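Heads up: the sequence lines are chains A and B, in that order. Here our numbering is used: the first sequence runs in plain steps of one and ends on residue 111. Here our numbering is used: the second sequence runs in plain steps of one and ends on residue 112.
Think of the hints as simulated: they come from the structure by calculation, not from any bench. Values in this document were obtained by computation on a predicted structure and should not be read as measured data. You may find that some hints are simply not true.
Listed below are the simulated DSS-like cross-link pairs for lysine-lysine, each with C-alpha atoms no more than 30 Å apart in a straight line [said to hold, decoys possible]:
#, chain 1, residue 1, chain 2, residue 2
1, A, 9, B, 44
2, A, 9, A, 65
3, A, 73, A, 9
4, A, 73, B, 44
5, A, 73, B, 41
6, B, 78, B, 41
7, A, 65, B, 51
8, B, 44, A, 22
9, A, 73, A, 22
10, B, 44, A, 57
11, B, 15, B, 54
12, A, 74, B, 41
13, B, 41, B, 54
14, A, 15, B, 41
15, A, 22, A, 57
16, A, 65, B, 44
17, A, 15, A, 74
18, B, 44, A, 74
19, B, 78, B, 15
20, B, 41, A, 57
21, A, 22, A, 9
22, A, 9, A, 74
23, B, 44, B, 15
24, A, 15, A, 57
25, A, 65, A, 22
26, A, 22, A, 74
27, B, 78, B, 44
28, A, 15, A, 73
29, B, 41, A, 22
30, B, 78, B, 51
31, B, 78, B, 54
32, A, 9, B, 41
33, B, 54, B, 44
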Amino acid sequence: AQRVTQPEKLLSVFKGAPVELKCNYSYSGSPELFWYVQYSRQRLQLLLRHISRESIKGFTADLNKGETSFHLKKPFAQEEDSAMYYCALRGSNFGNEKLTFGTGTRLTIIP
Amino acid sequence: EAGVTQFPSHSVIEKGQTVTLRCDPISGHDNLYWYRRVMGKEIKFLLHFVKESKQDESGMPNNRFLAERTGGTYSTLKVQPAELEDSGVYFCASSQTGLAQYFGPGTRLTVL
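With the rest of the complex left out, here is chain A (with noise of 0.2 Å):
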C-alpha cells in the first residue's frame, strides 16, 4: 500500500528564517515523490519531482530513501510562500499513475 504523512497541519515560520516541511512514505517499491503547492484562491500545482533535483522558487527537496522522507526545505522563508503544501508519491509499477498525497501542511510565513 502507498501511504504518505505529513506530520504538520499547520507551520508558522518568520519571514527569512529557514523553512522545512516533513513528508515520510511508505512503500515497496521505489516511489516517486512530488510537492504540490495550492496557493490562496489557485489551483494546485507542481512544485518539485524528485527525478528532476531542480530548485524552484527556491525550495529543494532530497529523497532520503533510508529514512523513507522526502522533506520540502528553503533556507530563507518569503512572505509569497504562505500557502497549502501537499507531499504526494506515485508508485513505480507500470500502469499505477495514481497520486497519493498527504493531508497538507499549511504554511504561514510571518512578515
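Knowing the structure of chain A, use the given hints to seat chain B on it.
Leaving out everything else, chain B in the frame of chain A:
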C-alpha cells in the same frame, strides 16, 4: 496553452439529485485523473483514464459514481443519486504518460 479546465466551479444540490461534473484536459494528454478532497481529509484518487479506457478505478467509492471519457477527450463524472457524504472538492488532472500531473481548479460540490 490552456490548462485543465473544470465545470462547474461550484454546485449545490439536494440529497438524491444528480450532478455531472466535466473536465477538459490539456490537449494531447492521454491520461486523465479524477481526485476528490472531502472536508478535513486528504486528496484521494478516484480513477484514471488512458485515452477513453479506464486504467484504474480502484478509488471510486461506490456505484453511484460513473465516469466517462468518450472519444478520449473530455471526461464527465456523474453522481447519482448524491448523498451528503459526497460533498467536497472534485479535482481533475491530466498528464502525458510518465510525466507530472497538471490539475484543474476543482469543482466544489455541496450536497444539502
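Comparing the hints with the structure gives:
1. A/9 - B/44: Holds. Residue 9 of chain A to residue 44 of chain B sits at ~17 Å (cutoff 30 Å).
2. A/9 - A/65: It holds: about 23 Å lies between the C-alpha atoms, which stays within 30 Å.
3. A/73 - A/9: holds, 16 Å
4. A/73 - B/44: It holds: about 25 Å lies between the C-alpha atoms, which stays within 30 Å.
5. A/73 - B/41: holds, 24 Å
6. B/78 - B/41: holds, 21 Å
7. A/65 - B/51: violated, 34 Å
8. B/44 - A/22: Since the Cα atoms of residue 44 of chain B and residue 22 of chain A sit roughly 20 Å apart, the hinted pair holds (cutoff 30 Å).
9. A/73 - A/22: Within the cut-off at roughly 9 Å; holds.
10. B/44 - A/57: Given that 30 Å is the threshold and the Cα spacing comes to 27 Å, the pair holds.
11. B/15 - B/54: Roughly 28 Å between the alpha carbons, so the hint for residue 15 of chain B and residue 54 of chain B holds.
12. A/74 - B/41: With Cα atoms ~26 Å apart, residue 74 of chain A and residue 41 of chain B stay inside 30 Å; holds.
13. B/41 - B/54: This hinted pair holds, its Cα atoms lying about 25 Å apart.
14. A/15 - B/41: Satisfied, since the Cα-Cα distance of roughly 29 Å is no more than 30 Å.
15. A/22 - A/57: Holds, at roughly 18 Å.
16. A/65 - B/44: Holds, because 24 Å separates the two Cα atoms, which is no more than 30 Å.
17. A/15 - A/74: Measuring from Cα to Cα gives roughly 11 Å; hence the hint holds.
18. B/44 - A/74: holds, 27 Å
19. B/78 - B/15: Holds, at about 14 Å.
20. B/41 - A/57: Since the Cα atoms of residue 41 of chain B and residue 57 of chain A sit roughly 27 Å apart, the hinted pair holds (cutoff 30 Å).
21. A/22 - A/9: Distance of about 10 Å is within 30 Å: holds.
22. A/9 - A/74: Answer holds: residue 9 of chain A to residue 74 of chain A is near 18 Å, not above 30 Å.
23. B/44 - B/15: The given pair, whose Cα atoms are some 22 Å apart, holds under the 30 Å limit.
24. A/15 - A/57: holds, 15 Å
25. A/65 - A/22: holds, 14 Å
26. A/22 - A/74: Within the cut-off at roughly 12 Å; holds.
27. B/78 - B/44: Holds, because 17 Å separates the two Cα atoms, which is no more than 30 Å.
28. A/15 - A/73: holds, 14 Å
29. B/41 - A/22: Within the cut-off at roughly 18 Å; holds.
30. B/78 - B/51: With Cα atoms ~18 Å apart, residue 78 of chain B and residue 51 of chain B stay inside 30 Å; holds.
31. B/78 - B/54: The hint holds at about 15 Å.
32. A/9 - B/41: holds, 11 Å
33. B/54 - B/44: holds, 17 Å
In this structure, the one hint that does not hold is number 7.
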